[in-house]
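Below, each chain spelled out in residue letters.
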Amino acid sequence: MFQWFGKVSFVPYTKVSEFARHLKDGRLTGSRCKKCGDTSFPPRADCGACMSGDFELVERNGKATLHTFTEIVAAPTGFEDVAPYTVGVADLDEGGRILAWIGDTISKDEIEIGMKLQVVPRIFEEVEEIKVYYSLEKPGTTWGVAPPPS
Amino acid sequence: MSRVGIIGIGHGVFGRRSDATVQELAFEAFRAAMEDAGIERGTIDASVIAAVPEYHKQRSVAGVVQEYLGLNPAPTWLTEVACASGSAAIRTAWMSIKAGVHDVVAVIGCQKMTELETAEILALMGRVGEVQWESNFGTTFPAYYAMFAKRHMHEFGTTREQLLQVAVKNHFYGAKNPMALFRKEITLEKALASEDVASPFQVYDCCANADGAACVILATEDKAKAMSAKPVWLDGMACATASMSVLRRPHLVGLPSAEKAGADAYAMAGVKPDDIDVADVHDCFTIAEIMAYEDLGFCKKGEGGPFVSDRQSYIGGKVAVNVDGGLKAKGHPIGATGVSMTYEIAKQLRGEAGDRQVPDATVGLTHNVGGIGQYCFVQVLRRD
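Protein chains in written order, with our numbering: chain A, 69 to 218; chain B, 8 to 391.
Looking at chain B on its own, in the form it has when it is part of the complex (with noise of 0.2 Å):
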């Protein structure tokens, strides 16, 4: 089976960008990463365009975007499975170069968040859920994943602190990125004073909305091989689903999506969890990133909490996790985040990644989750 390998990453800065649309922000991911891949735009055989339709005022925005990009003829698409639509994204791109239909692919993921007003977002917030039977009982996007903290904590013994830990630890490594949002690192204290989102959730525990744009541009192993001194390949693709309610679940102490992905993922790259040299995963939540950490076999079930506790999450300890600030500290443009994670561990892998470096990274993996875990996909990325 021939490979596909990636040969140029970029990405703009993350944050509250009232100074640009959202084709401007796509063009500045696009621009970096044609410049780290040396190519020019006739090189580029299609895009696939990833962003939540809802947050945007221009409806389709891959025309857009294309039409930016300067891309016009070539083929774009759109994908959308909420916040994984980035690593949807890279996937069919991945799929149409494995199926001979296209060479050289440009991804880009953008969102830009801020443009809806705090109503707006308020109404978007109470249909996250499934809206039929949940939905119209307030629920919210924290409120879910804050159930699973509670469930996470009554069975496990997980405690407030190890899911600030969290918190602490992807604010310390964001201060380090300078496309984070947040680059100031934050102390447990400080946590443990902010506002109260959904118990046992504050604000600490919660990523921020943002605006942003990511791309990773892919192509064909011999091409990768041809145009890169240093290509990085997306050797585990998998991809998996659960149920959209909560009350349809087996559990609610981790994500089956994830389970099932991450095993998937493994097995078509050959590797074992302790193979991973650093990871980024969807933490939207604390607890997010703790369900993670067991749902990926990083460490047993009901052992996450210590797990971020005893830093085997930092770099020097058993795999680093979110060392560019995660969701938590970066930001979190939905249509982005999925290639923004892909961004990071082939930086990391290149040897790139400077403050935030893991050392000798070699094997690497994103975790990107769509909604509640309705959706979820993960990569197992290699270099040479």
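Looking at chain A on its own, in the form it has when it is part of the complex (with noise of 0.2 Å):
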């Protein structure tokens, strides 16, 4: 189910995929490595520091500060009708960090590095399959949580 994630898709196969799912369901996640417990953002099959490949996906709180950001106006194929957008890359307070675009509760004379940040799952809702992203937005911002999977 990863071809869910993003406007548009490059990647519809990962051993990550499960992370789509929790992002459908309002919980951002990360992954975290069975056997030494290395943490990563984004989250990856494979540990970067023990190299095991037995991981699990544990959620995140995504607070966040602004790291860098700019606003892309020249866009690229798939993205023309959203243009002009403001992408970010946010330093994660558990670690790691994130590209997503900088959300609508945020407006564009307000965006300045080193804000802190709240990364909020959403869903395209205009579109008739599945489509789920992230954004960052101000702190405190809420969003639905579907109960963890049975």
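Don't read these hints as lab results, they were simulated from the structure.
Remember, predicted model here, so these are calculated numbers, not experimental data.
Take the hints with a grain of salt, since some may be wrong.
No more than 30 Å apart at the CA atoms, straight line, and that leaves these computed lysine-lysine pairs for DSSO-like [claimed, not checked]: (1) B/Lys232 - B/Lys105; (2) B/Lys64 - A/Lys75; (3) A/Lys75 - A/Lys92; (4) B/Lys308 - B/Lys325; (5) A/Lys75 - A/Lys103; (6) A/Lys176 - B/Lys197; (7) B/Lys308 - A/Lys184; (8) B/Lys197 - B/Lys183; (9) B/Lys308 - B/Lys279.
Partial chain A-side listing against chain B, Cβ under 10 Å, derived [what the hints assert, rightly or not]: (10) Met119; (11) Gly121; (12) Asn129; (13) Thr133.
Computed footprint of chain B on chain A; a stretch qualifies when at least three of its residues, placed anywhere within it, have a C-beta under 8 Å from a C-beta of chain B [stated by the list, open to error]: (14) 70–83; (15) 136–144; (16) 167–174.
Every residue gets a Cβ at the ideal spot worked out from N, C-alpha and C, and that includes glycine.
Since each chain comes alone in its own frame, lean on the hints to assemble the complex.
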């Protein structure tokens, strides 16, 4: 189901595809190595520290700080209809970095490097197929979370 | 350790070359390099072709180039590491000579970028980043460097004017290079009035796609001394990598691959940044040249902005940088660019650069970056 992830998906198959299901259910997850405990965001199936392939996805709190950003005017294929849009890179409080759109809770003139952010799971509602992503929003922004899978 | 020398150099005109195929472009540069070296094709033991395949309709372009140059049945192979393919080709040619496999190797960087439709270009542009976690948010090539620029401005106070001073300088010198795509000087005011691309970048922060080719011919030390009156020596040859993803870089205000490759190349050649008289660095975007000054030790981290606005990278400054116009004014046919850099530095060290000659240049450097810094190749070149 990894093709759910992103307005345009270039990667339908991956060993961390459950990430997309969690995102649809309102949870941001990263990977944790079951052998050495090393964590990663973005998640990876194969541990960068000890090389083990035994991993699990664990929920992240999504608290972050803006590292840098850009407003993209000249958009590539598949993104022309949403341009201009602002992409940010943020440092996650729990480790790792994330790249995402800066969402509509933050106005253009409020954006500054160093600002606190909340990563929020999102679903494109205007399309029929399942399309999920996440955005960078003001701290305290809430969203609906589905119950964990039984 | 024996050295590897450059015995011939050639360069075609960069631009929108709707008059020529990729192999015809390659031939222009190859013929010029062969005439420069004063050798016949039978002397060439092998060739290495640099080109980025996805821009060409012809698949496996090394084959058609080798045939058109008339080099069959000599061996050839293609190297590809995005925009650093040219330097990778020189590195593999250098390695084959160092290993004693070949004595004389021609390196041809060639690229035809204007064969593709705009839609195909836009689709390719959307896949320059890491496609699993980044490209699905619509990132582009300029967007990554724009984010480096924003962070550099935040940490060090680098200004829009300082960024665009890189473009002003490179167009100033591009106007003196008959091989350049843009041969016109520009003003800061004109650059500041250009269209937005990805903030803070405008059109004049970005280099342009182009068609073109360049060629260098390398030989063993003994053969270079016998065959050339003015060999230029590849004395520092380094290459390093950094993560594809900007999410896994230690910092975003420079290229870790360039810091490492620069340090390694200086050590191998036994020189310091202060020894470099002339350099060609990878100015795909204005911030890229400013980061290169810092990554290569021409100035301290964070001082790249003032370095260009104080004219330290002009001829007569601390180190002359991109006095062939750089990618910015010369154009960036991605497979050819690294070879074009080595061509320019060899020309400078031979004292043949005409209007843009750096007086008494003896030690030069090339800095060729692939993608957004995943790969970086640094060469230190010297004349006797």
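Among the hints numbered above, which are violated by the structure, and what are their numbers in rising order? As far as the earlier hints go, 5, 10, 11, 12 and 13 are violated by this structure, in ascending order.
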